[in-house]
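**Student:** Here are the chains, one letter per residue:
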Amino acid sequence: MLRRSHPGLFLALFLSLGACGSPKLKQAPPTPILEAYDVVKGGPEATAYESGEGARLALGLEGLLAATQKSARKDAQIRFWTSYCLALLHARAADDPFLAAHGPAWLDTGALELGDLDNLDPRPNETGHLLASIDNATRALSLMRRQDPELIDFLGQPVPGGAKRLSTRLRLLTAMSFTRLGFDKRVRDALARTPELLSLDTYAEFLDDYGIRPRLRPWMCYMVSHYLRRSDETTAYRFAILAIEGKDRFGVALPKSGVLELEDWILRGANSRFVCPQSETEYLPGQKSSPISGIPHFEYVAVRR
Amino acid sequence: VLDARLYLQDGTTLFWASPRAMESQSKALAKAVREHGLRFTLLKSWELAEGGYLFFSTEGTRISESYALVSRGDFFREVDMHNALLELNVSTPDGPRVVRVGVRNSFDSGS
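Chains A and B are the protein sequences, given in the same order. Taking the numbering used here, I'd label the letters of the first sequence as residues 19 to 323. Taking the numbering used here, I'd label the letters of the second sequence as residues 4 to 114.
None of these hints come from the bench; they were simulated from the model. Every value quoted in this text rests on a predicted model; they were computed, and no experiment measured them. No incorrect hints appear here.
Chain A is nowhere near these chain B residues, computed Cβ spacing over 10 Å in every case:
| # | residue |
| --- | --- |
| 1 | Ala35 |
| 2 | Arg37 |
| 3 | His39 |
| 4 | Ser48 |
| 5 | Ser69 |
| 6 | Met84 |
Per label pair, the in silico range of CB-to-CB distance:
| # | chain 1 | residue 1 | chain 2 | residue 2 | range |
| --- | --- | --- | --- | --- | --- |
| 7 | A | Gln165 | B | Leu45 | 49 to 59 Å |
| 8 | A | Gly174 | B | Ser27 | 45 to 55 Å |
| 9 | B | Ala35 | A | Ala271 | 37 to 47 Å |
| 10 | A | Ala222 | B | Thr44 | 46 to 56 Å |
| 11 | B | Gly63 | A | Ser307 | 45 to 55 Å |
| 12 | A | Thr252 | B | Ser27 | 51 to 61 Å |
Calculated cross-link-like contacts (lysine to any residue; reagent style SDA-like; alpha-carbon spacing at most 20 Å):
| # | chain 1 | residue 1 | chain 2 | residue 2 |
| --- | --- | --- | --- | --- |
| 13 | A | Lys274 | B | Glu90 |
| 14 | A | Lys182 | A | Leu169 |
| 15 | A | Lys182 | A | Gln165 |
| 16 | B | Lys47 | B | Asp97 |
| 17 | A | Lys88 | B | Leu72 |
| 18 | A | Lys274 | A | Asp113 |
| 19 | A | Lys88 | A | Leu161 |
| 20 | A | Lys203 | B | Asp83 |
| 21 | A | Lys274 | B | Leu91 |
| 22 | A | Lys274 | B | Gly98 |
| 23 | A | Lys203 | B | Val102 |
| 24 | A | Lys274 | B | Val93 |
| 25 | A | Lys274 | B | Thr95 |
| 26 | A | Lys182 | A | Tyr221 |
| 27 | A | Lys203 | A | Arg248 |
| 28 | A | Lys265 | A | Glu223 |
| 29 | A | Lys274 | B | Arg100 |
| 30 | A | Lys274 | B | Pro99 |
Don't be surprised by glycine CBs; every beta carbon is placed ideally from N, CA and C.
Kindly produce the complete structure, drawing on both the sequences and the hints.
**Tutor:** Here it is as structure tokens:
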């Protein structure tokens, strides 16, 4: 929830928004939303993301959100689109952060005394961005529950797939953010609605269709692998291999902690052992194929442990 | 280097307030933090575990009951403290590890 703290500025922003005060739903989409939507809409037409641009876009969107009222129906469109764009901006910024990355000037660093924190390498604030993405996605999904068709028809340009596609993207990004934080909340709900993502035959096309960036794909495979462990260990294993081999397959590696967790499940946690169909060698961390037959890990088969 | 953080639901980060850092703010606060704050040391076995408080700097925010008001440019944002997430960077024999704990049930289970 946002509150305006400066009445003078409230007036200035109110005027700049123009039609925001109109009781009608139809209003011109504000520039910050259109700019941010170009960046986050996904697919080949999405604008390239310039480093440092995220902070400016987010501040503009948050200013818009602050000028709205939570319960005012006339503000629903602006609240939805600012929340939607902020959710996607923050999900993207988890790997390219713009939130403050280190502490206030008096931060005590324990064993290490640092006189000048400007010399401290900024640590990516992945957690902060993932939480902000979840927060905004939750607000956007909540607004979608009203099923107001005019909510989507706002940008003055077609929204591919309409409301269904937007809500699917929000649910998947939220589930993935929880997964990256180490929690499984909302994962089952999001994945149960997207059977195309759970099949090795269709997942790649699904990710392309939804404009899921290569950087997020190892995490998507990690999440699907977790989800399938209870129902289909062979497919869960193959998605685990896709995530582990993220660098080769998507150009982006999964963090080491994620790789270790997947390998621990493959080697110890699963009910099955995964072996080469010819040589029966087991999965070997750090390798991509059987050292005897040369068959890739991805093609290994499950046998009862 | 100790790196405990409290993340509010909007991504705002509150940093751990150590006794040493508190000295420059208030001697009384530093004393309270020293007496009641959790000591960061090697963890004992779980049967011998002891509770303790973690204090965080609220610089840039105002706390009102269970809500935080976070300054953001020319406006401020009201966020529910119950949806906050605690993050600790701990050292283990296998290397550094991040532990995240939800303050309330906004998070189902964590690692």
